[in-house]
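Enquirer: What follows is the residue order along each chain.
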Amino acid sequence: MTLLAKGRAITLLGLCGLVGVYVRALAFTPVERVQGLAQKIYYLHVPAAIWAETAMIFVGLAGAFYLFLKDERLDRFAASSAEVGTVFATIVLTTGPIWGKPIWGTWWTWDARLTSTLLLFFVYVGYLLLRAAVVDPFLRSRYAAVLGICGMFLVPFIHFSVYLFRTLHPGPIVLKPSAPSLPAPMLVTWAVSVAVFTVLYVGFVTQRYALAVRGAAPERGEAGPG
Amino acid sequence: MRETLREAWTIARKDLVLEFRTRTALLSAFVFTALVLTVFYFGRDPTAVATIDLAPSILWVTFTFAAMLALNRAFQLELEHGALDGLLVSPLSRPGLYLGKLVANLAFVALIEAVGLPLFVLFFDVPVWPVLLPLLGVMALATTGFVAVGTLFSAMVIRMRFAELMLPVLLLPFLFPPLLGAVQITARLFGGRPLSEAGGWLRLLAAYDILFVSLATLLFRHTVDE
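Taken in sequence, the protein lines are chains D and H. All residue numbers for the first sequence refer to our numbering, where the first residue is 128 and numbers rise by one. All residue numbers for the second sequence refer to our numbering, where the first residue is -4 and numbers rise by one.
Hint data in this document are derived by calculation from the structure and do not stem from the laboratory. Hints are supplied without guarantee of correctness; some may be wrong.
[To be verified] From chain D, some residues computed to sit far from chain H (all C-beta separations above 12 Å):
| id | residue |
| --- | --- |
| 1 | F155 |
| 2 | A191 |
| 3 | T233 |
| 4 | A260 |
[To be verified] To give an idea of the interface, some chain D residues facing chain H are shown, with a C-beta separation under 10 Å as derived from the structure:
| id | residue |
| --- | --- |
| 5 | L241 |
| 6 | S243 |
| 7 | G253 |
[As the list claims (entries may be wrong)] Examples of chain D residues lying across from chain H (beta carbon under 7 Å, computed):
| id | residue |
| --- | --- |
| 8 | F249 |
| 9 | V250 |
| 10 | L281 |
Every residue gets a Cβ at the ideal spot worked out from N, C-alpha and C, and that includes glycine.
When you get a sec, could you build the whole thing from the sequences and use the hints?
Expert: Have a look at this one:
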């Protein structure tokens, strides 16, 4: 089984899981009293947000290790993680307004949390543009690593702005210092969804990594391993 | 440590001497600042929006744009006649080279701000005298933060396609925390609020400076070495 096929299999598993999460969220999880059905988007929005930010941390860590070890695999992983992170940030930025319209009464507001996700998205896009703008593959890997590390350290600063800037966004429900204030059935659905998004992240990154291996082969004048 | 600082001073002095001998970049930056401030004045309805409400944003957007100009030329300068290669084969340490460039850029941006601030006071009639000292402090903190990241990135973009476009695209997300902090503190100062009210933002700016100056000093080596 090639890496690409493995990636496809994992992604398929994740997508089936996503269907499962939605069946559970819509049919077997109680409807939130105030927000009604709009709250269901939470099970998609928050796990995607968690992985959009985590992917940036992986990009930064892979970059840091790349600068020491100069191992191409780390660079390929960082590039893959950044692309998948971009996709997840896009999911957050599209599901957010869909929820915001009925609950806040507006598609978009310059709330700190929205803004910080948008900035994270911009960091990702900048990272991908940088990779496209450097011709020399070794230079590209190093520059990408430097930007990835800076991006990783920027995330907490952007996150911290949430607490300093006035915000309309709901506060953290699960990932906060005190016990989660979500009812048990909702918490289970949420946890399952986080697990499913983890599988999706692994699946996407594996596929993208396999494609990067294929793409890198002609650059070095070798035959790709398939 | 002492050696690094000495090297940094050598580089900074070289850049500043070069700047003062030609003066073209500096003069253009002054004119640019004055033009942006003028455009801002007419970019709003003076009967609907009080100047004082917009003043902090006008001040900081102008400074950021002007700084971007300064940063774009920081390493562009070294590309002519292969000057960068000369610097790199010289026995200068990389942290010394970075810190020197940082100091030169800071001096350049500080000069722009020194001209921009009086113009800003003149054009927008902002009561700046009572808060001059804290305002200068905030300007120093915020400028150090974004020039530190900008200097690092400007060393990378010179070897990219569309360098002038890539720098703002990569840098603007990183300018967000210092810019937001500076605008928030400036707004409180102009509003006659005590500085202690902005304690959180001040800590954010200070943490940003410490982290990104050290990070950029460490990472700079990877952006210039072959």
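Enquirer: Next step is simple, just say for each hint if it's right about the structure.
Expert: A quick look at each hint next to the structure:
Under the 12 Å C-beta cut-off, the non-interface status given to F155(D) relative to chain H holds; the minimum distance is some 40 Å. The beta carbon of A191(D) is not kept farther than 12 Å from every beta carbon of chain H, the shortest such distance being approximately 9 Å. A cut-off of 12 Å between C-beta atoms confirms that T233(D) is not in contact with chain H; the least separation is 21 Å. Under the 12 Å C-beta cut-off, the non-interface status given to A260(D) relative to chain H is violated; the minimum distance is some 4 Å.
Against a cut-off of 10 Å between C-beta atoms, the interface hint on L241(D) is violated, since the closest Cβ of chain H lies about 13 Å away. Look at S243(D): its Cβ gets to within about 9 Å of chain H, closer than 10 Å, so that hint holds up. Evaluation of the G253(D) hint against chain H yields a held restraint, the C-beta minimum of about 5 Å falling below 10 Å. Of the supplied interface hints, the one on F249(D) holds, with its beta-carbon coming within about 4 Å of a beta-carbon of chain H, less than 7 Å.
Given the 7 Å rule on beta carbons, the hint for V250(D) holds: about 5 Å separates it from the nearest Cβ of chain H. The beta carbon of L281(D) comes within 6 Å of a beta carbon in chain H, closer than 7 Å, and the hint placing it at the interface holds.
The structure fails to meet hints 2, 4 and 5 from the earlier list, while all remaining hints are met.
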